[in-house]
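Since the structure of chain A is provided, determine the placement of chain B on it from the hints.
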Amino acid sequence: MDRELRHHVYATFAATGSPPSVADLAASMGEAAAGAGLQRLHDAHTLVLGGDGEIRMALPFSAVETGHRVTSGAMAWWANCAWDTLAIPVALDVDAEIRSTWMDTGAPVELAVSGGELSSTAGLIHFAIPAHRWWDDIVET
Amino acid sequence: MWELSKGWYGDRMRLDYVPKAIEEYQQLLTDVGLTGPFWSLTG
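In order, the protein sequence lines correspond to chains A and B. All residue numbers for the first sequence refer to the numbering used here, where the first residue is 3 and numbers rise by one. All residue numbers for the second sequence refer to the numbering used here, where the first residue is 35 and numbers rise by one.
No lab work stands behind these hints: they were computed from the structure. Please read all numbers here as calculations on a predicted model, not as lab measurements. Treat the hints with care, as some may be off.
Cβ-Cβ distance ranges computed for the label pairs, FRET-style [as the list claims (entries may be wrong)]:
#1 Ala76(A) <-> Gly77(B): 17 to 25 Å
#2 Ala109(A) <-> Gly77(B): 23 to 31 Å
#3 Tyr51(B) <-> Ser30(A): 17 to 25 Å
#4 Thr76(B) <-> Glu33(A): 32 to 40 Å
#5 Thr76(B) <-> His128(A): 18 to 26 Å
#6 Gly108(A) <-> Asp50(B): 24 to 32 Å
#7 Gly44(B) <-> Glu6(A): 31 to 39 Å
#8 Gly70(B) <-> Asp4(A): 18 to 26 Å
#9 Asp50(B) <-> Met105(A): 30 to 38 Å
#10 Thr18(A) <-> Gly70(B): 16 to 24 Å
From the three backbone atoms N, C-alpha and C, an ideal C-beta is built for every residue, glycine too.
Chain A on its own, in the form it takes in the complex (with noise of 0.2 Å):
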């Protein structure tokens, strides 16, 4: 259940941009199915729940907006850091825009991903945590 579960929140990240609430869930699923199978995606880090118990990422899904913006045709997604900037047309297997800003210059991140290929491999992305880490506070991650 939890598989399916996992992938429904992809899959509606995808389709929409954002993720299905709990509510949502609950209404379909049982509301102490929902809560429980989203608890245990949690804590194998398959997702990542907020303080208010909805869902915050699905790596590399932000359900909050971030400065970090991919488009693909009529939808787009937040990415919850540069890296996931990349890994987002590529879970999704899309052709897109990604914008975001340079840390050191402040320029504007003009990228685009075509057939699979990005348009520049130029220029670095900053990883402040060591990467045993990340899950420490994925969040800062």
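Same frame as chain A, but now just chain B:
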């Protein structure tokens, strides 16, 4: 990071997605040259 993303996230939308073993994620980092203590997933 583009190449790393393909290995890390390429299967994320699949119904039968299963997280990789930590050794597999570590290998993905190694494959793109991200090595050393900072990139160790186990500390």
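Cross-check of the supplied hints:
no. : hint                               : in the structure
1   : Ala76(A) <-> Gly77(B): 17 to 25 Å  : 43 Å, violated
2   : Ala109(A) <-> Gly77(B): 23 to 31 Å : 35 Å, violated
3   : Tyr51(B) <-> Ser30(A): 17 to 25 Å  : 21 Å, holds
4   : Thr76(B) <-> Glu33(A): 32 to 40 Å  : 37 Å, holds
5   : Thr76(B) <-> His128(A): 18 to 26 Å : 22 Å, holds
6   : Gly108(A) <-> Asp50(B): 24 to 32 Å : 42 Å, violated
7   : Gly44(B) <-> Glu6(A): 31 to 39 Å   : 21 Å, violated
8   : Gly70(B) <-> Asp4(A): 18 to 26 Å   : 35 Å, violated
9   : Asp50(B) <-> Met105(A): 30 to 38 Å : 37 Å, holds
10  : Thr18(A) <-> Gly70(B): 16 to 24 Å  : 40 Å, violated
Violated hints, in rising order: 1, 2, 6, 7, 8, 10; the structure is consistent with all others.
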